[in-house]
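Participant: Sequence:
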Amino acid sequence: MSLALTLASRNLLYDRLRLIATLVGIVFSVILVMIQMGLFLGFGRMVSTMIDHASTDLWVVPKGAKCFEDPSLLDLKMRDRIAAISGVTATIPLVIGFSDWRLESGEVTPVFIVGTDLRDGALRPWNVVDGNVQALSERGAVAVDRSYFDRLGVTGVGSTAEIRGHHVRVVAITDGIRSFATTPYVFVDFKSARTYTATPNDRASNLLVRINPAADREKVVQAIRAQAGGAEVLTPDEFRSRSRSFWLFGTGAGAALFAGALLGVIVGTVIVAQTLYSSTKDHLSEFATLRAMGSSNRYIYNVIIYQALLNAVIGFAIAAGLGAAVVQMTAKTALPIVITPWLMVALAVLTVVMCVASAIGAIIRVVRIDPATVFMR
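Going by this note's numbering, the sequence shown opens with residue 1, and the numbers climb by one from there.
It cannot be assumed that every hint is accurate.
Unchecked claim - Below, computed lysine-lysine pairings styled on DSS-like, alpha-carbon distance capped at 25 Å:
#1 Lys-332 x Lys-219
#2 Lys-219 x Lys-63
#3 Lys-77 x Lys-219
#4 Lys-77 x Lys-66
#5 Lys-77 x Lys-63
Unchecked claim - The calculated label-pair distances, taken between Cβ atoms and stated as ranges, are:
#6 Thr-155 x Val-267: 16 to 24 Å
#7 Asp-52 x Asp-202: 28 to 36 Å
#8 Leu-17 x Ala-317: 14 to 22 Å
#9 Tyr-299 x Trp-126: 28 to 36 Å
#10 Leu-262 x Val-108: 36 to 44 Å
#11 Ala-226 x Phe-258: 37 to 45 Å
#12 Gln-134 x Gly-165: 21 to 29 Å
#13 Pro-110 x Asp-130: 23 to 31 Å
Read the hints as simulated data drawn from the structure, not as lab findings. From a predicted model like this one, the values you see are computed outputs, not experimental measurements. Quick reminder that beta carbons are idealized off the backbone N, C-alpha and C, glycines included.
When you get a sec, could you build the whole thing from the sequences and use the hints?
Facilitator: Take a look at the structure:
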């Protein structure tokens, strides 16, 4: 261990109360940024969860559709034209929309219906923990996520309710399929979806298209666009990006989360800077002594920077542990916090930068010390 690092660690441990105050500031800042960005990532995943799990190569959506939940409808006449294109192996209509779920108690709550032909497997429930997905082909059968049990008045497979006056029965339970808008997703078969959303027989919300892997993808896509009329043809990545952009930035939700993260950085930096500056100020005589003894400015800078780095390492370690606990606590909630490896790396870098930047004020103060002050005491 270098002499500068030894002195830095002793300076920190000498005043444990100030060290604790500094670490609290760092941990608060990192946790706040972690939660805000974790919510941002979790929100982004929830926004595109249906797109992520759809088994399709292309989405044919109404022109101007901003997201998966867009209520606009397509004219299904184009389906036969697209299906006739060489290289297209399947065209699967999807019906989605809001409806009303009436509990046995009589209470009514909004739900979001998702319906497609289960035989095609284009968009079916995943993470099924109870029941049988194949039973969704039965009349009045539905699948719901267990995170919405309380809201829907469901206790498990076999629970009953009504959707727009039609009796329904829960036949499958999923885990982790949550709606960003907190409106529960309810999976049903294609015909039932038309009934529950009042969608005409010649209309659908989207058309999912599969392409033969051996076909010339670009030519097939161009041919589909030529037959899609006023509809848009998007790849899953394009549709995912559009949905996330709309909900995260078009609605202001993303800006609010970023503002919270920025606030965390500012607050943490101010706290760390103030604490580190105060600590340096209290040790000005010691730093003056070092300079009077011939210590170089670089050596003194190293001491202060090492103090900042030690604060960063300890603070980040504590914040990472607390963050992991928060992630576990929110894993089963309606809006889980998502922490990815790259986010942890970014937070580690941010913590170091924040602490080192905070040390600049202390360095400037030390540079201005006159070594002669040691002999005036």
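Participant: Each hint: holds or not?
Facilitator: Outcome of the hint check:
1. As the CA atoms of Lys-332 and Lys-219 are separated by approximately 44 Å, the hinted pair breaks the 25 Å bound.
2. Distance check on the hinted pair: Lys-219 and Lys-63 sit about 21 Å apart at the alpha-carbon level, within 25 Å; holds.
3. For the hint linking Lys-77 to Lys-219, the alpha-carbon distance of about 22 Å falls within 25 Å, and the restraint holds.
4. The straight-line distance between the Cα atoms of Lys-77 and Lys-66 is roughly 22 Å, inside the 25 Å bound, and the hint therefore holds.
5. For the suggested pair Lys-77 and Lys-63, the alpha carbons sit about 16 Å apart, so the restraint of at most 25 Å is met.
6. For the hinted restraint 16 to 24 Å between Thr-155 and Val-267, the CB-CB distance of approximately 44 Å leaves it violated.
7. In this structure the hint that Asp-52 and Asp-202 lie 28 to 36 Å apart at CB holds, the actual value being about 29 Å.
8. With their beta carbons about 20 Å apart, Leu-17 and Ala-317 fall inside the hinted range of 14 to 22 Å.
9. For the hinted restraint 28 to 36 Å between Tyr-299 and Trp-126, the CB-CB distance of approximately 60 Å leaves it violated.
10. Hint check: Leu-262 to Val-108, Cβ distance near 40 Å, so the stated range 36 to 44 Å holds.
11. With their beta carbons about 40 Å apart, Ala-226 and Phe-258 fall inside the hinted range of 37 to 45 Å.
12. Range check, Gln-134 to Gly-165: about 26 Å between beta-carbon atoms, so the 21 to 29 Å window is met.
13. At roughly 24 Å, the beta-carbon separation of Pro-110 and Asp-130 lies within the given 23 to 31 Å, and the hint holds.
Hints 1, 6, 9 from the earlier list are contradicted by this structure; the remaining hints agree with it.
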